[in-house]
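Taken in order, these protein sequences are the chains called G and D. By my numbering, the letter at position 153 of the first sequence is numbered 153, and the numbering carries on one by one without gaps. By my numbering, the letter at position 12 of the second sequence is numbered 12, and the numbering carries on one by one without gaps.
Think of the hints as simulated: they come from the structure by calculation, not from any bench. Hints may be right or wrong, so weigh each one.
Okay, derived cross-link-like pairs now, DSS-like style, lysine-lysine, Cα gap no bigger than 27 angstroms in a straight line [as the list claims (entries may be wrong)]: (1) G/K243 <-> G/K209; (2) G/K195 <-> G/K227; (3) G/K213 <-> G/K227; (4) G/K209 <-> G/K168; (5) D/K90 <-> G/K126; (6) G/K89 <-> G/K227; (7) G/K89 <-> D/K195; (8) G/K89 <-> D/K194; (9) D/K194 <-> G/K68; (10) G/K213 <-> D/K195; (11) G/K168 <-> D/K90; (12) G/K195 <-> G/K126; (13) G/K193 <-> G/K168; (14) D/K194 <-> G/K81; (15) G/K68 <-> G/K243; (16) G/K81 <-> D/K195; (17) G/K126 <-> G/K81; (18) G/K89 <-> D/K90; (19) G/K193 <-> G/K81; (20) G/K89 <-> G/K195; (21) G/K68 <-> G/K81; (22) G/K12 <-> G/K89; (23) G/K126 <-> G/K168; (24) G/K213 <-> G/K193; (25) G/K243 <-> G/K12; (26) D/K183 <-> G/K89; (27) G/K12 <-> G/K195; (28) G/K209 <-> G/K81; (29) G/K68 <-> G/K126; (30) D/K195 <-> D/K183; (31) G/K12 <-> G/K227; (32) G/K209 <-> G/K195; (33) D/K194 <-> D/K90; (34) G/K89 <-> G/K213; (35) G/K81 <-> D/K183; (36) G/K168 <-> D/K183.
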Amino acid sequence: MKYLKLQKVKVKIAMLNVTNLNVGYGSFQALFNIDIDVNAGEAVAVIGPNGAGKTTLMRAISGLMPVKSGTINMEGTDVTKTPAHDIVKLGIAHVPEHRRLFPRMSVEDNLRMGSYAPQFRANYHKRLDFVYSLFPRMQERRNQLAGTMSGGEQQMCAIGRALMSDPKILLMDEPSAGLAPVIVQQVFDLINKIKSEGLTVLIVEQNVKQVLKVVDRAYIIEAGSLKMGGTSSELLGSSEVQKAYLGM
Amino acid sequence: MAEFLDSLFSIFFIETLMNGLLLGGILALLSVGLNLIFGVIDVVWICYAEIIMVGMYLIFYLNNDLGVHIIPSMIAGILFSGLVGWLTHKIVIARLIDAAPINQLIATGGLLFFFQGAAMIVFGIEFRNMGVSLGSLAVSEDIYLSWTRLISFAISGLIVVALYLFLSRSYLGAAIRAISQDKEIMSLMGVDTKKLYLLTSAIGGALAGLGGCLLVLQYDVHPFIGLSFGPITFIICVMGGLGNMVGGFIAAFIFSELITIGGYFAEIEWGYVLAFVFFIIMMFIRPEGLFARKS
Ligand SMILES: Nc1ncnc2c1ncn2[C@@H]1O[C@H](COP(=O)(O)OP(=O)(O)OP(=O)(O)O)[C@@H](O)[C@H]1O
Ligand SMILES: [Mg+2]
């Protein structure tokens, strides 16, 4: 019996395109002419020092911040002015900085809120099973108040909540922040797993070394401007990146 | 002393306790709507009792002047109060949602005078009575409880339980609990927070209307009736921990018993004095309320 070796052909299908984006708080401009593309199935990181504007970028994409100029496209649809509560319905889920769970609600109620929009409700049980298979710990803790869990558990719950809407792209803002090294490793393993499920990922991280092992490409933002972009291996090999972010 | 003990074990004291319980039911219902709005929107409607008054007037007008049957009149009263609650948010609060709390207080305080003034212009300042009497239930030879109060108590209880189930079991109820904990994140969950605030305000208004249905059976309607219930309702919410519905519920019964017990030993006005003194002392001991949630 002969068998065909399937060749992996990478066809780039654009999912998220950010073009010439300018965002600010009042008269303070936080992002200058940012261009970012994420293709379907890719994992892309945004890295940069504190205050660079990474969170601002994520918030602009998911509609939490108004955009001064530039465009945000999701699968060819202009979503620049779409309000946050409609963005999620287009398949963009956001795991916010500092997790932002509903602390006085149970884990399961938190997850339930992730599938709140009417079109997600029909799949609630299916998605809940999926999230519980990904995080058996969440099933054990399903009735615990989210605010009483450990940082790592809360991060799992926050990711689980975002996955409840069966998104096409997952935005993650520093999922490893404030966690013990062992837990950080678990978070990155998990991102790998989510990626292998075929989900597209855009992730903000400060653990540069670890995140570059997981993602396909990365962008570096400094002081609101795009400094550099490339594949993970390109960036890992760049002496600038090594000096500024990898402590070599 | 013996006289005091006598009065404590008297049959009339038991009747007093029961009446306190019945009053507590109504106060619990009144506080639940105000608490819901505070808990979700983080705004205190100073004019809450005036929305109750508006509901009472509509019921009175439909039933007494137009001869509409009492039940449809009450349903109209509930729906209209819900609309008033919706409008209160839409026209006033939505514009002040990010303003300082004092601005919101002044605005809803202004609404209080608006509702009082409007009621005076439309209905005059006469006390109006529905003249409904359902008689009393003889619990024993000496204890009589008014049917109106009993029915009000039962309805209050049902509504409070229904609201509790709604908030704890339904999608919408969970969203209402969640939005009070993190408004911005709720929009990431696909919730139009502006719409949810309007809906909550309408539910709060409708609960005020429901309170109006029960009060109109027992009390005269006049433009200042809100002053008889507004302060107590507000104080019950504060004592229970503002926004804490279960706390408010328990506080309603503590308050109503203090009022009726004070009224039993002296005049009913002394009952209020007793209750308010208790409130002031409590505010020194536990300023965050009896059942404030840990933050
Ligand atoms: N609400 C705000 N009002 C005014 N300026 C803000 C606000 N939020 C952020 N900024 C400013 O915008 C810039 C970018 O902030 P942002 O939170 O996007 O940075 P970041 O890259 O996510 O930083 P970190 O790694 O610390 O999370 C910073 O200079 C910050 O001070
Ligand atoms: Mg940030």
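How the hints compare with the structure:
no., hint, in the structure
1, G/K243 <-> G/K209, "holds (12 angstroms)"
2, G/K195 <-> G/K227, "holds (26 angstroms)"
3, G/K213 <-> G/K227, "holds (20 angstroms)"
4, G/K209 <-> G/K168, "holds (26 angstroms)"
5, D/K90 <-> G/K126, "violated (38 angstroms)"
6, G/K89 <-> G/K227, "violated (32 angstroms)"
7, G/K89 <-> D/K195, "holds (17 angstroms)"
8, G/K89 <-> D/K194, "holds (17 angstroms)"
9, D/K194 <-> G/K68, "holds (23 angstroms)"
10, G/K213 <-> D/K195, "violated (43 angstroms)"
11, G/K168 <-> D/K90, "violated (35 angstroms)"
12, G/K195 <-> G/K126, "holds (19 angstroms)"
13, G/K193 <-> G/K168, "holds (15 angstroms)"
14, D/K194 <-> G/K81, "holds (17 angstroms)"
15, G/K68 <-> G/K243, "violated (34 angstroms)"
16, G/K81 <-> D/K195, "holds (19 angstroms)"
17, G/K126 <-> G/K81, "violated (32 angstroms)"
18, G/K89 <-> D/K90, "holds (26 angstroms)"
19, G/K193 <-> G/K81, "violated (32 angstroms)"
20, G/K89 <-> G/K195, "holds (20 angstroms)"
21, G/K68 <-> G/K81, "holds (10 angstroms)"
22, G/K12 <-> G/K89, "holds (23 angstroms)"
23, G/K126 <-> G/K168, "holds (16 angstroms)"
24, G/K213 <-> G/K193, "holds (13 angstroms)"
25, G/K243 <-> G/K12, "violated (31 angstroms)"
26, D/K183 <-> G/K89, "holds (18 angstroms)"
27, G/K12 <-> G/K195, "holds (16 angstroms)"
28, G/K209 <-> G/K81, "violated (35 angstroms)"
29, G/K68 <-> G/K126, "violated (39 angstroms)"
30, D/K195 <-> D/K183, "holds (12 angstroms)"
31, G/K12 <-> G/K227, "holds (23 angstroms)"
32, G/K209 <-> G/K195, "holds (18 angstroms)"
33, D/K194 <-> D/K90, "holds (9 angstroms)"
34, G/K89 <-> G/K213, "violated (31 angstroms)"
35, G/K81 <-> D/K183, "holds (20 angstroms)"
36, G/K168 <-> D/K183, "holds (24 angstroms)"
Checked against the numbered hints listed earlier, the structure breaks hints 5, 6, 10, 11, 15, 17, 19, 25, 28, 29 and 34; every other hint is satisfied.
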